[in-house]
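Throw the hints in and build the complete structure from the sequences for me.
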Amino acid sequence: MKKLILALICFVSVYSISFAQDDIQKETDSIKKVIQDAYVDGLCNNADEVAVNKGIHPGFNLMGAGKGNTMWKHPIYNWIENAKEGKKKHRYAFQDEFTTIKFLFVDVTGNVSTAKIEFYEGGEKKYIDYLSLIKFEDGWKIVSKIFYAIPKEKKDSK
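Here the sequence shown stands for residues 6 to 163, numbered as in the working numbering.
Be careful, since some hints might not be right.
Computed beta-carbon distance windows for the label pairs [what the hints assert, rightly or not]:
hint, residue 1, residue 2, range
1, Glu-158, Tyr-82, 33 to 39 Å
2, Thr-75, Asp-27, 41 to 47 Å
3, Pro-80, Val-117, 19 to 25 Å
4, Glu-102, Asp-42, 26 to 32 Å
5, Asp-27, Phe-141, 35 to 41 Å
6, Lys-121, Lys-159, 23 to 29 Å
7, Ala-154, Pro-80, 16 to 22 Å
Simulated pairs of lysine-lysine, BS3-like, Cα-Cα distance not exceeding 25 Å [claimed, not checked]:
hint, residue 1, residue 2
8, Lys-38, Lys-107
9, Lys-89, Lys-131
10, Lys-157, Lys-130
11, Lys-121, Lys-38
12, Lys-59, Lys-94
13, Lys-37, Lys-89
14, Lys-37, Lys-140
15, Lys-146, Lys-37
16, Lys-130, Lys-159
Because the hints were derived from the structure by calculation, they are not lab data.
Keep in mind the model is a prediction, meaning the values are calculated, not measured.
Where a beta carbon is used, it is the ideal one built from N, C-alpha and C, also for glycine.
Following this line, the structure appears as structure tokens:
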């Protein structure tokens, strides 16, 4: 009887872990889709305001370090205006090439997540982005971004 109970406990544990891993993978896939659709394609490649609004929360801020100990932030409504202007020109003024990304990791805990991605313009890696997301009633939304700009290589001056 003890062996049967032990076997049953082991089975339930393995089964529960399997379901938890499936749930995390489904959430990770959903997060990757939001990032691709709203951020990469919506903001950067297509200037698609509908896609941006679907996957990026209206309270979103892009944040960075300024001089000294200062910080700056750029709210999504300003970025959307840039997207509209970019759509008129068929690209952003600050973007030279088609944007692609590579996911380095996505971490999910409950209804919050962080994604670390490499951001490419054309074939050149320009940034390492850290995106924070929250799962709301209508799905995952990007709520903030911080980034590291990859230093440009200095060309030899001979």
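Okay, the hints, checked on the actual structure:
1. Glu-158 x Tyr-82: 33 to 39 Å: Since the Cβ atoms of Glu-158 and Tyr-82 sit about 35 Å apart, the hinted range of 33 to 39 Å holds.
2. Thr-75 x Asp-27: 41 to 47 Å: holds, 44 Å
3. Pro-80 x Val-117: 19 to 25 Å: holds, 20 Å
4. Glu-102 x Asp-42: 26 to 32 Å: violated, 20 Å
5. Asp-27 x Phe-141: 35 to 41 Å: Violated, since Asp-27 and Phe-141 (Cβ atoms, about 22 Å apart) do not stay within the stated range.
6. Lys-121 x Lys-159: 23 to 29 Å: Cβ of Lys-121 to Cβ of Lys-159: about 26 Å, so the range 23 to 29 Å holds.
7. Ala-154 x Pro-80: 16 to 22 Å: Holds, since Ala-154 and Pro-80 (Cβ atoms, about 20 Å apart) stay within the stated range.
8. Lys-38 x Lys-107: Holds, at about 13 Å.
9. Lys-89 x Lys-131: holds, 23 Å
10. Lys-157 x Lys-130: It holds: about 10 Å lies between the C-alpha atoms, which stays within 25 Å.
11. Lys-121 x Lys-38: holds, 14 Å
12. Lys-59 x Lys-94: holds, 23 Å
13. Lys-37 x Lys-89: holds, 24 Å
14. Lys-37 x Lys-140: holds, 13 Å
15. Lys-146 x Lys-37: Holds - the C-alpha atoms of Lys-37 and Lys-146 are around 11 Å apart, at most 25 Å.
16. Lys-130 x Lys-159: Answer holds: Lys-130 to Lys-159 is near 15 Å, not above 25 Å.
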